[in-house]
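Protein chains in written order, with the working numbering: chain U, 2 to 574; chain Z, 2 to 574; chain Y, 204 to 495; chain S, 204 to 495.
Possibly wrong hints are sitting among the right ones.
Stated by the list, open to error - Simulated pairs of lysine-lysine, DSS-like, Cα-Cα distance not exceeding 27 Å:
#1 Lys153(Z) with Lys477(S)
#2 Lys148(U) with Lys477(Y)
#3 Lys216(S) with Lys246(S)
#4 Lys477(Y) with Lys153(U)
#5 Lys477(S) with Lys389(Z)
#6 Lys347(S) with Lys154(U)
#7 Lys389(U) with Lys246(Y)
#8 Lys539(Z) with Lys562(Z)
#9 Lys391(S) with Lys422(S)
#10 Lys347(Y) with Lys148(Z)
#11 Lys539(Z) with Lys539(U)
#12 Lys154(U) with Lys118(U)
It should be emphasised that the hints constitute simulated quantities derived from the structure, not laboratory data. As the structure is a prediction and not an experimental result, all values here were calculated from the model.
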Amino acid sequence: MSQEVSLSIVGSGGDGAVAAGDIVAMACAGEGLHVIKTEAYGPQIRGGESSCTVRISAEPIFAQAGAIDALVVFTWSDYARFADELALAENVVIFYEEADAPPPDMRGILVPVPFKKIAPHAKNILALGVLAPLLHLPLEGMRSAVKQRFAKKTATVMAGTLAAFDRGIGIAEQLQCVAQTLAYARGTPRLLMSGNEAAAFGALHAGCTFFAGYPITPSSEILHLLSEWLPKMGGTSLQTEDELAALGAVIGASFTGAKAMTATSGPGLSLMAEMLGLSSTAEIPAVIFNVQRGGPSTGIPTKSEQSDLMHALYASHGDTPRVVLAPCDVEDAFHITVDAFNIAEEYQIPVIVLSDQLIAQRRETIEAGALVHDVKRRRLATSIPDYKRYADTPDGVSPMSIPGTADAMYQTNGLEHDESGRPSAMFSVHERMNAKRHRKMEAIGGKYRLFRRFGPERPDVGIICWGSSSGAVREALDILNQGDLRIAAFVPRILAPLPAADLQAFVDSCSEVLVIELSYSRQFHRYLRSQIDLPRAKTDVMARSGGKSLSVTEIACAVRKMLGVEALEEVMA
Amino acid sequence: MSQEVSLSIVGSGGDGAVAAGDIVAMACAGEGLHVIKTEAYGPQIRGGESSCTVRISAEPIFAQAGAIDALVVFTWSDYARFADELALAENVVIFYEEADAPPPDMRGILVPVPFKKIAPHAKNILALGVLAPLLHLPLEGMRSAVKQRFAKKTATVMAGTLAAFDRGIGIAEQLQCVAQTLAYARGTPRLLMSGNEAAAFGALHAGCTFFAGYPITPSSEILHLLSEWLPKMGGTSLQTEDELAALGAVIGASFTGAKAMTATSGPGLSLMAEMLGLSSTAEIPAVIFNVQRGGPSTGIPTKSEQSDLMHALYASHGDTPRVVLAPCDVEDAFHITVDAFNIAEEYQIPVIVLSDQLIAQRRETIEAGALVHDVKRRRLATSIPDYKRYADTPDGVSPMSIPGTADAMYQTNGLEHDESGRPSAMFSVHERMNAKRHRKMEAIGGKYRLFRRFGPERPDVGIICWGSSSGAVREALDILNQGDLRIAAFVPRILAPLPAADLQAFVDSCSEVLVIELSYSRQFHRYLRSQIDLPRAKTDVMARSGGKSLSVTEIACAVRKMLGVEALEEVMA
Amino acid sequence: MTCDATFTAQDFKTDLKPVWCPGCGDFAVLNSVYRALAELGCKPHETVIVSGIGCSSRLPGNVETYGFNSLHGRALPIATGAKLASPELNVIAVGGDGDGLAIGGNHFMHTARRNVDIAYIMMDNEIYGLTKGQAGPTTPSGDKTKSTLYGNPDPVVDPCALALSFGASWVGRAFSGDVKGSTELMKKAISHHGFAFLNILSPCVTWRGEDQHKELRAKMRPVPAGHDLTNREAALRFTDEADDALTVGVLYDVDRPTLVDQMAAISQRALGPKGQPPLSQFLNAFAPQHIQ
Amino acid sequence: MTCDATFTAQDFKTDLKPVWCPGCGDFAVLNSVYRALAELGCKPHETVIVSGIGCSSRLPGNVETYGFNSLHGRALPIATGAKLASPELNVIAVGGDGDGLAIGGNHFMHTARRNVDIAYIMMDNEIYGLTKGQAGPTTPSGDKTKSTLYGNPDPVVDPCALALSFGASWVGRAFSGDVKGSTELMKKAISHHGFAFLNILSPCVTWRGEDQHKELRAKMRPVPAGHDLTNREAALRFTDEADDALTVGVLYDVDRPTLVDQMAAISQRALGPKGQPPLSQFLNAFAPQHIQ
Ligand SMILES: Cc1ncc(C[n+]2csc(CCOP(=O)(O)OP(=O)(O)O)c2C)c(N)n1
Ligand SMILES: Cc1ncc(C[n+]2csc(CCOP(=O)(O)OP(=O)(O)O)c2C)c(N)n1
Ligand code: SF4
Ligand code: SF4
Ligand SMILES: [Mg+2]
Ligand SMILES: [Mg+2]
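The following block holds chain U by itself, in its conformation from the complex (with noise of 0.2 Å):
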């Protein structure tokens, strides 16, 4: 018995391997149990082969599976394609189909089921019956989520479909064989969501009325939401031609006071670098959703990575004020995603949101009650006299009138500008303007001291990292903390500004620090290194490319490797 368990399910497409993960996911989520469940896909458009992993826990959980306990294979040459990818445990179940012999070397508790001759078309659920009661996964919970999966199916189907589990159970009631069963006692059902979905719903949330988008994966899913969900609300949303009129309809929108949005990964951010200069330097509201995938250019586009963030804080000619923030998970996709309007609206700036692949497409439970945020609007002029667009004000925002409004028209424009919108070439007022549209970014700094911190005061080692790393960090921390190290992390989850006082404190209280980043060329390090005083004695690094995600392990080797612990034996749970 354990507090946990995972397993992976291997197929091609038509196996249905990705269905039967999102089945047990929901049935978990429906016994209040905390999941997270990812997918990976080989280069076949479709048809090819896919996996599907599933994290199952009593207590909270922060990361995506580490070893994988139960494992169902319909086909060996498309486990070879994952099997870097999927760490086994040592006493890992294995039920593969009959027909196809593993591999000589494979190991495990290796049991041979006849999927396809007993369920040619449901071999996922079949495989589902098998591993329920083995794992004491939620029988009735099970049957409930197949049933909500396959809602708009035949009434033939669905029988044939239920019958395929429970023919599944009752092949696993003659199996011998023991594997890794889940304790836990029932909860309050959960929300079972993506990162993406969790942004769609923020947006949503934040009062945003304006989407404008060109698909690209990982994002795409946003776009797909609000097309579907916009409309029902009174707003809009719009498939444009190309990113840059992507966001340049965000812009227009809100130019007329629209809270808008747009949403994108990598190639489209880089085309969005001239846009995001005019949102800055016009004092335009724009939100700009961006999801992360392998780079450089083309990249991998389904797998995470976090190279994308010298580019959200530096891209645009020109000194550029912009606010970058980073949700850490699924839950927080929809916080950072209204505070990314709040921020947008009160200030009149771009902000970039950085999310990643893998908080953007895993599906991982959170509380409904926990999808509240408060809502912040724009600061609006109506009819002031001599209305000046661009008042020079303490905090640098000046009132911002929406077309509509008499007494209060300006024209406005890219170009530098005085303080009624004024195009000018003159250094005072240039120097003045980038002094105003710099001190909004104190302000909001100021305001908005986004970050998380885990971990005992005063560290031996300090680990800083960002995004989707914080979810395994955190989980090494509960780890490397059962023995006598002190190991604390940061994690900021506003870029830019960022928390710069905070984030030096914690490095000062700590005796060593290590940075964690999923970028080849240490873009955050360096980001750091130029923000905060990071002594290099004291500081470590561990950044390697994408394409794979960050384990638990991983980062727990790095910090012993650090603190010259090596040696010390594996306390993973």
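Given chain U, put chains Z, Y and S with the ligands in place with the hints provided.
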């Protein structure tokens, strides 16, 4: 008598202020003098106010004019526009249009001249006639320069123009005023070129055979010159529909073996972010010549700034290696352009040159003999058995085959790919290829330690600056080091990879460090912090918006203030 | 578009001095804009003028409405966003030939295709004015310019022909020197339900020479009587005229659903008979359901 | 283009497995490419295939020539640079409808206008395939897709109509299921002197359903005898057909100077009678001249 004089002519469109400046500059270049000529314009597209300033010296000079010794004003309202930008010497002599009374608070030696009455169509040449004898400018040289400038005019017009010049001389002879006069010995004639002209020549010298660009101030002269010259030299110049297409065409041409370049300014560079990543990932050489202007967004197109640095260093999502070079002056625009081609070709990497409006559009004398520079070639693959386009090598450079080569065909892409160029989503391939691509940066850094260092060893203050700022810094050193101060400067000409070891050694050798840049958000300083150790306690930053060029006095004051020697008397020449 | 208040042409002037060269055709375009807005009775504060970058794109700064001189080539996406988010506004886009046909050509295509309910006024001087005289898509083939010293290698395009192929529902052509004609055409373009494209030939005295004015005026002729405004093939013929002809007037005018109409219909379909759901309904798809 | 060596269709295959879904129309396009190249006698190493991003744009990876799967929408500028810099190469561009008409629409316009001497093959499945089924410019109006749940609000475009309006000098349409017909049309497109645009309808079984194949085949009919290939108006009529018709074949074919021709002429004019000057002559304009 002095070894240098500076003069300025201010007028409206049609007054010919700029033409007059050109003539003086060319005449002085013919005498072997050192000249730096700058222009400034109001917002009017044509017919608006303009000013032209020429600094002439018997000794080498590196910065535009400081205090103006002689000023010609055709209309005081035009002068008012530039008053902020023109520093007048204590004893400035001002020749103004008799019909337009000077403002009451105007200081200086005010001399009314009936320009309009005497030479309504050649006021500017008349003014030159007045200035020439008073400042001891070369009379014959100026006549030649007038002829050269108006070579295409009719004989009658030419005669009238020359007559105006002589009338001016006549007027000068009757004047009682004493101006700063120039003392010099005639030398070998020099070339008079702008940075854009030198860069276009550099490209041709380097063997560029393909140019594609889209017009944009202040880089268009490169497009114009290469459109004129490439067709003569067996190459091709293409004006594309936009900047994305321009860099795309460059990459396409380079893919087939051509040495290829584009030129642009901030907004265009922003649009090139995605293509830049393709060049880097597919490892196709490309030279991107970017002339910085005031930003952000459309900003101030006609003025200089150093604020495209971060975009040049970091634009494009993902970990995208690229090289960034920056010329220090007009002659250097030639050398850096040749280096840009050399590096791009040798290392199959995109190279961005960051020039700026001040270098690009000012005209400066240079020695014709200085325009020589070694030219390098691409590492070509020819019929290699089992050819692998991206074969891993110690320096990361893989032999490149070009279409037309049999038995070395390959299919490339911007996806992550293996040694053969095959798309791959595998982590191990991704990490290996990221490493290979970034290894080239190390190789370049080892070979191209491009920087300039001025001033004594172990300085009290070490200035770090880049690009056009270095001219004023160099002159400030000369002044500051006249007393007991020991001031030095380090000017990297390659910004990525930064010559970090050399720069660190410099920093370590300085008691204090002053970073100087024209970027409100201190881009250079932030970048330096990320790359080297720049202790806060000994570092000061002098950063401000562009839009007004850096003056020698400004720098000298900053250094003195830093050292607490403000009280010291000015030692300005 | 609300058009009931009374504002004079004068009321639409800002006190910013136009930056154009003396003699530039854009002055006349600006005058026509003032008049058209006044004569249509447009309310300044309910009007938005969006432009790109270029000499011509400076126009919004001179008109006392909401104005936005944006980025080179990007006026139309911004105008689209403005119109979709606030359909009650009168949204007008203006810009140059380079802005709209070179760098902005793709947005022209898609904005016309979608029939976004805006008027798009292209101030066509057959050259890149602001950047000092390079060839653009409307520069005659063979012409020598700053960037085409040996003659422009590219064939010239007719902006109206493109607008027609892109699916614009209203297409007109004007000559800026003819302020009265231009004003009338602008009024029609602004009043049109859907995407209205008006190409105004507007001379650039600085880079196309002083004669462009005279030449254009000499070529100008009205749309012949009897031209069927709903016939695209017929309209296209005016875009392939002899060198000495320039037909001005409305070339094409049809009514089809605009993008605003389409979005309204989508909203209707999305809402269904039950009307706006509570936002919490969004979460249903992500909540485990107990299904018997 | 050099076309004298003998390579078989087989010789043009790389050993990379295509990533397409079983049943995807693009397999047939690939087959036609192999055959066309072989039958034309193209030399693999003198052929360059450039694509954008999309399912269709993966094609160059499967063809044993020089190949470049570049960026979404940017195949044509890259192909233009390749052709201008190396006119002796046989340059072919391929890609999807979204790639060429949405994000890449502007390059399509200008590359056609300039008559760049390349063949451009658009694999048109009326959908964004790679990103999993969003509407594109060729998706029928009203269709429900991932991004248009309540029906596509945008009018559909005909790529051949656009090509004709942009000035393409050769325009053809094919159906990928008709490998023989497609091969013949590709051969003509590749051999054409100038910009040749071939729209190949290529079903996406995954996002447009299994019926797209059958439907397209049923609609397919040849260009009627007597069609004047130099008549643009006539060609345009095939781009505005009834819903149940899909005319395949060459729609338009004229000869006019290509951009390569124009550039050669420019070089001639630049050189003048004296031929290539020494580079040092560049500096003359910047050297003070002693003029008496
Ligand atoms: C991205 C970008 N590229 C280039 C420019 C430079 N630029 C400014 S205006 C212009 C063209 C102007 O031509 P047109 O649109 O015809 O307007 P006109 O000045 O002739 O009225 C160009 C290329 C820019 N501002 N932004
Ligand atoms: C700049 C950029 N935006 C978006 C994408 C995502 N993307 C990849 S392929 C594609 C569209 C594919 O449609 P199409 O061109 O018709 O090709 P198909 O897959 O249908 O063959 C998109 C939007 C991208 N790669 N780059
Ligand atoms: S350059 Fe031409 S278009 Fe621009 S303002 Fe002058 S005349 Fe008008
Ligand atoms: S998604 Fe469609 S276009 Fe893409 S490979 Fe599959 S069937 Fe072909
Ligand atoms: Mg123009
Ligand atoms: Mg498609």
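Structure-based check of all given hints:
{"no.": "1", "hint": "Lys153(Z) with Lys477(S)", "result": "22 Å, holds"}
{"no.": "2", "hint": "Lys148(U) with Lys477(Y)", "result": "26 Å, holds"}
{"no.": "3", "hint": "Lys216(S) with Lys246(S)", "result": "13 Å, holds"}
{"no.": "4", "hint": "Lys477(Y) with Lys153(U)", "result": "21 Å, holds"}
{"no.": "5", "hint": "Lys477(S) with Lys389(Z)", "result": "45 Å, violated"}
{"no.": "6", "hint": "Lys347(S) with Lys154(U)", "result": "20 Å, holds"}
{"no.": "7", "hint": "Lys389(U) with Lys246(Y)", "result": "20 Å, holds"}
{"no.": "8", "hint": "Lys539(Z) with Lys562(Z)", "result": "14 Å, holds"}
{"no.": "9", "hint": "Lys391(S) with Lys422(S)", "result": "23 Å, holds"}
{"no.": "10", "hint": "Lys347(Y) with Lys148(Z)", "result": "25 Å, holds"}
{"no.": "11", "hint": "Lys539(Z) with Lys539(U)", "result": "21 Å, holds"}
{"no.": "12", "hint": "Lys154(U) with Lys118(U)", "result": "23 Å, holds"}
Going through the hint list in order, the structure does not satisfy hint 5, though it satisfies all others.
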